[in-house]
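There are 2 protein chains.
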Amino acid sequence: MARFKLNDALEILSKTPKVLRMLLGGLPDEWIHANEGENTWSPYEVLGHLIHGEKTDWLIRVQTIIDHGDSKTFEAFDRKAHLQNKKEKSLPMLLDEFAAIRSKNVQQLQTLIIENEDLNRIGKHPDFGIVTMRELLSTWTVHDFNHIAQIVRVMGKYYADEVGPWKAYLGILQPK
Amino acid sequence: MARFKLNDALEILSKTPKVLRMLLGGLPDEWIHANEGENTWSPYEVLGHLIHGEKTDWLIRVQTIIDHGDSKTFEAFDRKAHLQNKKEKSLPMLLDEFAAIRSKNVQQLQTLIIENEDLNRIGKHPDFGIVTMRELLSTWTVHDFNHIAQIVRVMGKYYADEVGPWKAYLGILQPK
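Heads up: the sequence lines are chains A and B, in that order. Note that UniProt numbering has the first sequence beginning at 1, numbered continuously upward. Note that UniProt numbering has the second sequence beginning at 1, numbered continuously upward.
Isolated chain A (complex conformation) (with noise of 0.2 Å):
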């Protein structure tokens, strides 16, 4: 049984900025740009990096797939390209992007995607050779979940000194 079905994944990529706006908005910097150390991302960075996939990977990968199929190699994807940006932008303004370009995005996926069959359409990935659309569009859905569950992770790490010897009881607190 395929579990993959393009409205649940629609309806969960729409959600994914509002569930973003509710985790974030409103908190005061310091939680915004808590990390986990070193080379490891803040709420703010993962957002810059949400963003940075809308602009240049999911749905032109989708594009590649309808127009060439596998005959042309997706672009690569500069995972940490976000982190050139210099923090200028506020948080409220990341939200507002994101949900901008996740909202058109989505509402231009629904014109890529017609019928059944084309989630069985072939493209071909840099590193992993051929893949499906079907494969793509549930990847670019569990990537929200990864990152949120990121966020929250950072948050909670965040508090990982003041809940003292609860600690040992909070998952979300061990090491990997």
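Don't read these hints as lab results, they were simulated from the structure. Idealized CB from N, CA, C, for every residue including glycine. Don't take each hint at face value.
[As the list claims (entries may be wrong)] The calculated lysine-lysine pairs, modelled on DSSO-like cross-linking and capped at a C-alpha distance of 30 Å, are:
id	chain 1	residue 1	chain 2	residue 2
1	A	Lys55	B	Lys18
2	A	Lys5	B	Lys167
3	A	Lys15	B	Lys157
4	B	Lys167	A	Lys55
[Said to hold, decoys possible] Some chain B residues well away from chain A (every beta-carbon gap over 12 Å; in silico):
id	residue
5	Arg3
6	Lys5
7	Lys18
8	His68
9	Asn85
10	Ser138
11	Thr141
12	Lys157
[Said to hold, decoys possible] Distance ranges between label pairs, derived from CB positions:
id	chain 1	residue 1	chain 2	residue 2	range
13	B	Gly171	A	Glu75	21 to 31 Å
14	B	Ala2	A	Thr56	22 to 32 Å
15	A	Asp96	B	Leu83	17 to 27 Å
16	B	Leu83	A	Asp67	42 to 52 Å
17	B	Pro165	A	Asp118	14 to 24 Å
18	A	Gln108	B	Arg79	38 to 48 Å
19	A	Glu88	B	Asn39	24 to 34 Å
20	A	Gly171	B	Lys87	23 to 33 Å
21	B	Glu117	A	Ala100	40 to 50 Å
22	A	Lys5	B	Asp96	25 to 35 Å
23	A	Pro28	B	Gly37	33 to 43 Å
24	A	Gly26	B	Ile66	50 to 60 Å
25	B	Asn116	A	Ala100	40 to 50 Å
26	A	Gly26	B	Lys87	30 to 40 Å
Once you've looked at the hints, dock chain B against the given chain A.
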């Protein structure tokens, strides 16, 4: 530098029901009742656990500290009590129940913690011995993050076989 600030904790505790409503509301049952295998919890069951904590644990422990200090040990928290529920309630009912009791508890908490000194009050935990009010309130907050991360992880894993080779790039899908 103490990172705990009562206003931040109150804000986060107040937002969690809305985060969960945004994450889970409207999704089909197979997502809500997915789990990570035997003896793991579904998002529905995590929500039951959070409600049980509101009813029997967090605020009661705050009150115990206020009334008895460390002369009365906290009741042990039955972390599996919610599994006895018969799933009679719908997800929207649970989301409403959690929102209502959390809101009530946060209001009540604001009447109990009046000055900064109250955060230094001590109580007695059945496993850990002496704990502080600050540690208890920090733990209540991080416990929310812990279970939001769990819910998101369970949902990500629901698509574990859908993402194909991308599984290797998604931390949320890796074994712990």
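Q) Quick check: which numbered hints come out false for this structure? A) 5, 6, 7, 10, 11, 12, 14, 15, 19, 24
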